[in-house]
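If you're matching them up, the sequences are chains X and R in order. Counting from 1, one number per residue, gives the positions in the first sequence under full-length UniProt numbering. Counting from 1, one number per residue, gives the positions in the second sequence under full-length UniProt numbering.
Read the hints as simulated data drawn from the structure, not as lab findings. Backbone N, C-alpha and C fix where the C-beta goes; we use that ideal spot for every residue, glycine too. No false leads were mixed into what you were given.
Examples of chain X residues lying across from chain R (beta carbon under 8 Å, computed):
#1 V332
#2 K343
#3 Y367
#4 R369
#5 K370
#6 F373
#7 R376
#8 W445
#9 L448
Far from chain R by the CB rule (all over 10 Å, computed), these chain X residues:
#10 R29
#11 S47
#12 G66
#13 S115
#14 K760
#15 A952
Chain by chain, the residues:
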Amino acid sequence: MEPDVSIETSCMIRVAVIPIGPIPTQLFRDYSSMLLPHHTVSLSSISSFYTEHQKSPFSHQPWDSGSLHFKFLLGSSPPSPWDDFQSHRKILSVIGISHCPSSPDLHSLSDLFASACKPYSSSLVHRCFAFSPGDSQLEDETHKGTNLILFPPADRQTQEFHLLTMMQDLAASLLMEFEKWVLRPESGGTIFKTPLDSQATLSSEEVIKAKKRRLGRAQKTIGDYSLLAGSPVDANAHYATALELARLTGDFFWYAGAMEGSVCALLIDRMGQKDPLLEDEVKYRYNSVILHYRKSFIQDNAQRVSPLSFELEATLKLARFLCRRELAKDVVELLTTAAEGGKSLIDASDRLILYIEIARLFGSLGYHRKAAFFSRQVAQLYLQQGNRLAAISAMQVLAMTTKAYRVQSRASIEHTSSKKETGPAPHDFGKVHQNLIVSLFESQWSTLQMVVLREILLSAVRAGDPLAAWSAAARLLRSYYPLITPAGQNGLASALANSAERLPSGTRCADPALPFIRLHSFPLHPSQVDIVKRNPGREDWWAGSAPSGPFIYTPFSKGEPNQSGKQELVWVVGEPVQVFVELANPCGFDVFVDSIYLSVHSQSFDAFPISVSLPANSSKVITLSGIPTKVGPLSIPGCIVHCFGVITEHFFKDVDNLLLGAAQGLVLSDPFRCCGSAKLKNVAVPAISVVPSLPLLVSHVVGGDGAVTLYEGEIRDVCISLANAGTVPVEQAHISLSGKNQDSVISISYETLQSSLPLKPGAQVTIPITLKAWQLSSVDPDPVSGKNVSAGSGRQVKDRSSPMLLIHYAGPMTNSGEPADVSVLPPGRRLVIPLNICVLQGMSFIKARLLSMEIPAHVGDSRQKMAQLESESTQLATGSERQADRFMKIDPYRGSWGLRFLELELSNPTDVVFEIGVSVQLENSESQDSSVDCSGTEFGYPKTRIDRDYTARVLIPLEHFKLPVLDGAFIVKDSHVNGTATSRSSSFSEKNTKAELNASIKTLISRIKVRWQSGRNSSGELNIKDAIQAALQSSVMDVLLPDPLTFGFRLAKNNLEHEVKRDSVEESDTQLQSSVHSSKVVAHNMTPMEVLVRNNTKEVIRISLSITCRDVAGQNCFEGEKATVLWTGVLNGINMEVPPLQEVKHSFSLYFLVPGEYTLLAAAVIDDANEILRARAKSNTSDEPIFCRGAPFHVQVSGTV
Amino acid sequence: MASTACFMIVSKNDIPIYEAEVGAAPRKEEAAHQHQFILHAALDIVQDLAWTTSAMFLKGIDRFNDLVVSVYVTAGLHTRLMLLHDSRNDDGIKSFFQEVHELYIKTLLNPLYLPGSRITSSHFDTKVRALARKYL
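Chain X on its own, in the form it takes in the complex (with noise of 0.2 Å):
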């Protein structure tokens, strides 16, 4: 059997190509491929070389539109047996080719060729062409009248030309020959044998009959030539006459030759065009042809030679002539048929050309899965002949199944698919749709799979190829461990290793092989260096970088690029980088990577190896890291790996469609998950971009990184170091604030920043920062801090609750000597610098208090004191605003009613000793005046010591708060809640004296201030303003408003008598300058005496007073029958009229009959009470009579003077 027939296979004329001389392989590759191209010479170009020297027997020789065929055979090939069967199976021409350079003699080059001739006893015309001569060799005369053919040097275009004259005038000779030989005496004394003619000595019975087959057999060479000489018209003439006789004399074999010849020359003359009909004739004329070759069988000699190969060939032919999709069913019967003969093919060498035309024919049929059976089964046949050249070819075929089998080599698909592959993203795999991932592992037969690996990896190893080996064994441990055994896989990964020491240490494989590796993870950048997108328009660039407003998902940034949930990562140019890349070795033994490191295919990029070594059924986490080396867009597809002697590239892209389709359960296995590896989600891989290098602040606290200890409320400055580590200068820097506690932030240095920029690179700048210890919360969350709040709550507390400084910079605007383009901005940079604060539990508060006080006035006593007292007030008020003061402050030593303190409870329940200094200040901004305001006992001290664990109480007088007008506003509050009527009027101003009262409240309490201190350098202050807000909610009326009268007694200046009085400086100026001298009251005297009744409000008081004193027993010393105190004046039921603001003065005189201590009360019901001072007064009903009670003054009353 021969390759490749097909019907038009019989008008072909072969001609060897043979190198004569010594001459390069690749040369003569070279020269015969220029010879290739001429297989088709038409009748009419020859026509010049063609000289009619008889007349030629192809009368019908179609001039203008025919032409002939060759088919060149490289090589040599051995006389076929069949030759006389059939013509075209002769080698009709010879064409040596040869390189003159290496070959200088040339008469010995044609002797050569004349000698390599000799075996080819059919070939007809002979031509030697030689190659670049010499000019020496052109010259030479001697080679003139042989074969040998000279081609000078030329180009290529020339030389074709130059061949294609040759090949005319070589298919011109061939014609004349072919003309010569139908010519020879009829042809008739020949006798054309082929092997199926017994060889036995012919009876006479025999030689009969073989004569009269010669004639037809005659006629069917006749018509085989005529085809070759490309007369189609004469050929069928011939064949006709043949097949009358062939039939005649039953030549069943020849019968079928000639029919073979006639469709032939049917189709030639056809030229090619294919109608139904044709086909038709075509079919039924091989149907035939085949039915022939089959009669010709004959039982005899079936063991030494058989018709049989015919007949599959013409099978073949037939199959090749009908290849189409639509008669696929025809074509497959047929191919079924001769595959079924090849059983009794006796040549193993025709059941393999039998195979290959078969797969080859399916393969152009587009059945793909039957072309890769038959291949394999070619394949089995050259792996059966067992040495190494039919290894490789068994190694070959192999491979061409692989598409098939799904099995192919990464080599082969990137080959043919290489456009295919490379068009979508890289990331965007993460949505590949369903039906993709389910054809992903279409055809799974992993039977047959691994059926086909393991002989390509057979075929290999046989072959010698370790690379081939390898690639095989790789597949098949990857692909199919799941159901290799323990020991196949050992096996396997021997194969790998003894074709890895063959191979030349630094082999590629397209193919990888194990470890599955998967990424795990891209680790963010760090705080510390964190990339920020600057933006342009704005001052404060890093605003807008992330995405900002309530919603999650805006329908505005729906429409751009890039922003489709898709991860951007941002890497410098520079800065090493990481990737978490997960590996898995799910089979029974070792594995140890040599060494492992990101693959970039962009050369922009050094990735740092690592080696890695993988126990049996294990998966390892490791970080692969490397450094960006230039600008742009980065992709990492997957890694470079050097395992098994071998290096691979591993896709990730791979592995996730693996685990995709283990979680579908179409692969047989989840490499991590049997690994005992926890579930990942899938990792997109984010869009890496690659920027020039940026500035890179380092920061450090001076004096240690470590917490900054402090108690609550402790103030302490902190130094915080920034250096910049990059390469380029810092030009803007901005510092904020984020997290918890931002307010214990109390001071950040901007201007040191800013003063120092541009930062260059390496320079350094300290920035103070001032810090104020938060008060821990009594209701911490945290519950551990909460129980063990002395010992360890600082450092929970700290982790959490530290606010941290921001700081964004950036580099300058744009790269040295690149033109300023604002939509290529280098990003800026945001530094994290968390303040690590550790608030250790300080003083504590306990609760404030208001505690309230009646100080009886001691007159006698305090005369003098109060003299100086209140000149040195005088003097403080001359030049200040005290005026309002004056009006209604009292001197304390007299101001006995309803004095208020804010007692304040702290403890210290640390181990150090804390002091505590309030201070109170004053309207008038003299601060530390507390200790003159509190002149009584409890504030004679500035500072009050703590010890630790102990509790101490802190007093704090309130008296200078008072308002100085009781005004209607400030108790409308009040007012609202008693009545209809008072509502109406006050409404209005409800809200703004509802904001004044707090405000003043606010004030009030703003000027309270406790510090402390402890050590040397710890000092604070205690934030409890919540606390005495608390404090004095209840009762911050009393304490902020006065009473709307107050009143008061003195002596009658006309006596010259002490007198008492309230608060009156500018006539105390006067009288206690003259009154200094007397100091008493004295017993059975007159005593004149005055009662000054002020008005805190706005408007006119109409009242009606009265005065009443009481001995120290408390008994009315007025009335009674034990009245002691004898009076002149009106003492009961005065009507007096107060004037706002003012103080009206009433006379009396009063006669003390006992030595000793009287209490003088004043008391007034006010007639006609407005809202306000019902109000102040709390009274229920509107009738209600308001009765306003002074505080009581006590006199001394001496018994003699």
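Chain X is already provided as a structure; the job is to place chain R on it using the hints.
Then chain R, alone, in the frame of chain X:
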């Protein structure tokens, strides 16, 4: 009972979802591979043939070395029940296919079975082998 028979169910995506050697001949690993190879190759022919006829049972569509491939194509999911056999008991094969088809439909009705995935039910396997003993 046929001496050699290999039964496979091939899903729409050309993935084998069930395979069984149901022949009486002693099992040989090598032969099993060969059977699967033949069935795999026959898919090419089924693929064309299935659309030319309305019959579900396509008998003897392919053959290799005395082994014949018969196929039963289901209507809905284009699942192919393929049998490689050496006997010519057409009626038995047809009945076998019909019964296995019924079994397959029952498997499909299982809400936990994802169409197109491997049939791992041992019950199914037992039943198929019993049917093979009965009909082939």
